[in-house]
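Modelling step: build the complete structure from the supplied sequences, incorporating the hints.
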Amino acid sequence: MRVTVKKLLSAIVFLVISISLVLSGCGSKGKNQSSSNESTNTKSENQAKLEPITLSVYVNAPGQQPTKDNKIYKLIEEELGVKFQFEYLVGDSKQRFGVMIASGDYPDIVNGGTELINAGAFIPLEDLIKEHAPNLYQHYKPFWNKIKDPDSGKIYVMPDYGRFYGDFNRTAHYGPAFWIQKQVLEDAGYPSVDKINTLDEYFELIENYVKKNPTIDGKPTIGFEILSYDWRNFCLTNPPQHLIGKPNEGGVVVNYETNIAEIFADKDYAKAYYKKLNEINAKGLLDRETFTQNYDQYLAKIASGRVVGMFDQGWNFGSARDSLIEQGLINRTYVPLPVMLDESYAGHDWYADRPAINVNSGFGITVNAKDPIRIIKMFDTLITERWQKILQWGIEGEDYLVDKNGRFYRTPEQRTNANDQVWQLANKAMGIFDKGPKMEGVYSDGNACGPGDQPEEYFAGLSDYDKGFLNAYGFKTLTEFLRKPPENPIAYPAWQINIIDGSEAKIASTKLNDLSMKYLPRAILAPMDQFDAIWNEYVSEIRKLNIKAYEDRINEQIQWRIKNWSNN
Amino acid sequence: MPEVAVVKKRQERPQKEKNIITLKTLKAQKQLMFMSLPFLAYIILFSYVPAIGWVMAFQDFKPAKSFFNQQWVGFKHFQFLFSDSGFLRVLRNTLAMSFINLVLGFVTAILLALLLNEIKNALFKRTVQTISYLPHFLSWVIVAGLVSNALSTEDGIINILLLNLGLIKEPILWLGKGEYFWGIVGAAKVWKEVGWNTIIYLSAMSSIDPALYEAADIDGANRYHKMWHITLPGIKPTFVVLLIMSVGHILNAGFEVQYLLGNGLVVDWSETIDIFVLKYGISQFNFSLATAAGIFKTVVSVILIYTANTISKKIGEEQLI
Chain G
1 MRVTVKKLLS AIVFLVISIS LVLSGCGSKG KNQSSSNEST NTKSENQAKL EPITLSVYVN
61 APGQQPTKDN KIYKLIEEEL GVKFQFEYLV GDSKQRFGVM IASGDYPDIV NGGTELINAG
121 AFIPLEDLIK EHAPNLYQHY KPFWNKIKDP DSGKIYVMPD YGRFYGDFNR TAHYGPAFWI
181 QKQVLEDAGY PSVDKINTLD EYFELIENYV KKNPTIDGKP TIGFEILSYD WRNFCLTNPP
241 QHLIGKPNEG GVVVNYETNI AEIFADKDYA KAYYKKLNEI NAKGLLDRET FTQNYDQYLA
301 KIASGRVVGM FDQGWNFGSA RDSLIEQGLI NRTYVPLPVM LDESYAGHDW YADRPAINVN
361 SGFGITVNAK DPIRIIKMFD TLITERWQKI LQWGIEGEDY LVDKNGRFYR TPEQRTNAND
421 QVWQLANKAM GIFDKGPKME GVYSDGNACG PGDQPEEYFA GLSDYDKGFL NAYGFKTLTE
481 FLRKPPENPI AYPAWQINII DGSEAKIAST KLNDLSMKYL PRAILAPMDQ FDAIWNEYVS
541 EIRKLNIKAY EDRINEQIQW RIKNWSNN
Chain L
1 MPEVAVVKKR QERPQKEKNI ITLKTLKAQK QLMFMSLPFL AYIILFSYVP AIGWVMAFQD
61 FKPAKSFFNQ QWVGFKHFQF LFSDSGFLRV LRNTLAMSFI NLVLGFVTAI LLALLLNEIK
121 NALFKRTVQT ISYLPHFLSW VIVAGLVSNA LSTEDGIINI LLLNLGLIKE PILWLGKGEY
181 FWGIVGAAKV WKEVGWNTII YLSAMSSIDP ALYEAADIDG ANRYHKMWHI TLPGIKPTFV
241 VLLIMSVGHI LNAGFEVQYL LGNGLVVDWS ETIDIFVLKY GISQFNFSLA TAAGIFKTVV
301 SVILIYTANT ISKKIGEEQL I
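Protein sequences appear in the order of chains G and L. Following this note's numbering, the numbering of the first sequence begins with 1 at its first residue and continues without gaps. Following this note's numbering, the numbering of the second sequence begins with 1 at its first residue and continues without gaps.
Hints in this document: simulated from the structure, not taken from any laboratory. Built from N, CA and C at the ideal position, the CB exists for glycine as well. Take every hint as true, because none was put in to throw you off.
Taking lysine-lysine and the DSS-like style, the derived pairs with C-alpha atoms no more than 30 Å apart in a straight line are:
#1 275/G with 169/L
#2 370/G with 130/G
#3 148/G with 279/L
Some, not all, of what chain L presents toward chain G, calculated at C-beta under 8 Å:
#4 63
#5 152
#6 175
#7 263
#8 265
#9 280
#10 282
#11 285
Right, dumping it as structure tokens:
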């Protein structure tokens, strides 16, 4: 009998251990909850105005945690009593949102867009902002209707970019363009921009350079690259709209007189462009691997300095550009050219655009936040000029200096610091600033909002090579290669239109994208006499799709925007 | 010799089937019952409870809404799946790549295991084994990077090798031709998994009674005879069980490697069901479609497993269920 009792006992012990092991995952969660409950309890006990609060923040971009003693966060904690707990994106953002939505486990502040709005994760902000955040209200007032969610008419996220103050002035171009290595222009004797602004002239420039320089640093020169990896395939699909003088609207071009949008993938000017690429390939100027390489391989090729030109958006190859600069290959960095389909479009390039307010992304306050008023008040304080200067320039005297005319400037050391990623972790509040509401353009005292846009700062930070290069053209910045952007049409940009997930329109646009990915590379790599046949097949496949559903959704939204945004 | 083993097993089986569970046996084995309880709970909690989510496939599921506010749509998502022209294509690709992986995987693993088993120098054997199973621990992201570097037209080792051997005149764009894609995936899988897959066969081989080999020696069998008549029949039960399990996974041709190595030029050969589901289901927040595809895969897997099991039973082999 005793033996069985002992056995039974050991079985029970085993059972308990295994259950506790299985449930340990849930256990730790429970613990977290109880501790946060405790902190709320103590909060309600002493309702002092600035009692410390810790906010959990999700930033939808990869990043690193700031150091514990980060000086800007310390200042925010001292003055506003707010501490942050950041979670950065690891892996795929859609997946992360999916998990968040499925579990309902939202941080207090989440950097997200339509997915979370549709899932009901955010609280509406318009009353909160009007009542508790006068500065923020002033900040968004010109775009008040624009930043409302079209489906519900409520404001859920505070847009991060695109709210400009003062004159529009940009020192660098991060948008789309046909890029060319500075060395190529130098070798060609700095031809004036109107001599190199058509498709034919652009590729002639490349052809001549590759002929004269078959190798760069002992490796074969690559004439032209087209990235088509994953969602970055805009390098392949977007150029036709730019070639006829339209800004980046995504998959459609909009007629600004009738305000009607249509897809351009199957149009004749698109054919002309891809036919040109087909010809380029036949001449051996196109990288053989261009359609099989992934994003990293693409960046590695650019960073090797062997790629003469490509169509891309400036931000998309930023790390390769940084790498070229680090290697001292400044002559292998790129200049944006206003390349047009033919001479008749010259001067109508719209590569540089005035950034429209970024309506789809920014911080929103989630339904889980315990004190939304406190949060909105914090953002309200941070959008004041004093705090914007701290967030963008840093601390006066430490991170930048002010000359006797009141202009902000930096010493070379401060400039190097600001670009040092390790330094940034301890001295910049990137987690809350990058995706937070921010001022762009100029402050009321005339200084640029960020150091990068201060013209004298920009020029002082240039290398000698760049100074010489710009002098040869008589330019102050590289953006002068492109036309100064005209005012944006009201409904611009169409690429921000939310094509509802799972709808006919979305399926059509996904399938159109699939077709482009399948046929365009094939057409471009085909022998020249087969191009037309493949192109015709591509067009007939497109015609089979429900393109109308896609265009209708965009047109409906354009009309909605015209109606609702005009009276701002 | 092997006949003896088979006969033995045949005798065992009818005995097993006579085992009827009575209250008495339950009582006698209550400790065992207690011990298995947590695992039963685990399986119910993590394998059966989530299956409730299958109802999503018959709704237009929106995460924000409660269960009762969801819109029921019947078989709409299944219809979309089966009527889409792309689905047949991805089904074909999935089956083809699965089949290639299955055959290549088994053949290479058993071959390597046989060869390793013949090596008498323990140090050399262990070294080879370790080297061959190390790639198993690499993530597919890294392996895909290695593969695409190896196949590069510029400095890829495969092209350099073939050029220097004079087999080709100019580098081949391996990843740009759909016809090569299945083979590349199969080869990459073999490279990554062959060593790992041999482990189980090697352990099965080590459990073969050495007396059988000695007896065969006396009968004058050479190495090949011993391999053919002792080692291979010895690992047959293991092989059959693994085969039945793999057949159940035939619709899981994988996702990462095709996603990472695929591109516009080979899309007709590279897209698998999983990629299709990612594109039209999950990344469009169309969880219902993703669930419908999941149900389809599960149903096919269950059918295949039972079929394989029944066949195996009919021909007198090992069975799983």
